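Chains as they are written, first to last, in my numbering: chain A, 1 to 114; chain B, 115 to 227.
In case anyone wonders, no lab produced these hints; they're calculated from the structure.
Computed from a predicted structure; not experimentally measured.
Treat the hints with caution; some may be incorrect.
[Claimed, not checked] Heads up, simulated DSSO-like pairs for lysine-lysine below, C-alpha to C-alpha not over 30 Å straight-line:
1. B:Lys170 to B:Lys116
2. B:Lys156 to B:Lys219
3. B:Lys170 to A:Lys13
4. B:Lys156 to B:Lys170
5. B:Lys219 to A:Lys13
6. B:Lys170 to B:Lys226
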Amino acid sequence: DAGVTQSPTHLIKTRGQQVTLRCSPKSGHDTVSWYQQALGQGPQFIFQYYEEEERQRGNFPDRFSGHQFPNYSSELNVNALLLGDSALYLCASSLGGGGLYEQYFGPGTRLTVT
Amino acid sequence: QKEVEQNSGPLSVPEGAIASLNCTYSDRGSQSFFWYRQYSGKSPELIMSIYSNGDKEDGRFTAQLNKASQYVSLLIRDSQPSDSATYLCAGVNYGGSQGNLIFGKGTKLSVKP
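Build out the structure end to end from the sequences listed, making use of the hints.
Quick look at the structure:
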């Protein structure tokens, strides 16, 4: 049973650049949520995708955008990178349609902005 | 602003002891809570979920929920050095079609041999 996968593992970008992170959900899951985790903090919710639509969004600027594909995989795009965007980006998958809300995380992408 | 609060620790316990981790939350409408374990440099791993008042046991872990007091706890019995990690408490923020998780900052647990 394949778990949540994310790519790339690590990424180094320069201020002002754009980045795309990718996520494939756990087998049987159809909902993908993205979180940002700064050092020493808990994960912060960015947004959630279900049925290829953004269903919920946290307090993040429009520089953060995403997409979900028909196979349930998802991308997170960040434009005009700032130093403060350096963090661990986590993708979590769950089963949609209401229910237990259990979310399972992928290994994360460590983004460093210089 | 919905919040989940945890003591950041570090919490240090000897091997074989009971580790007690606590969490409070501000949203009285929250119904579902989760405990995640996060090893240094790794992603969070779901270890317990609890949806109703009372205790839920799974192996060496017991989660406790008291909705009246807005309090969630995790007990780890017979603590092992391999339990040394940061433990994240999360509640569900309902909205949209699913709800998202609100996390505390985590409690760092150190189990000394």
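Need the list of violated hint numbers for this structure, in ascending order. Violated hint (a single one): 3; every other hint is consistent with the structure.
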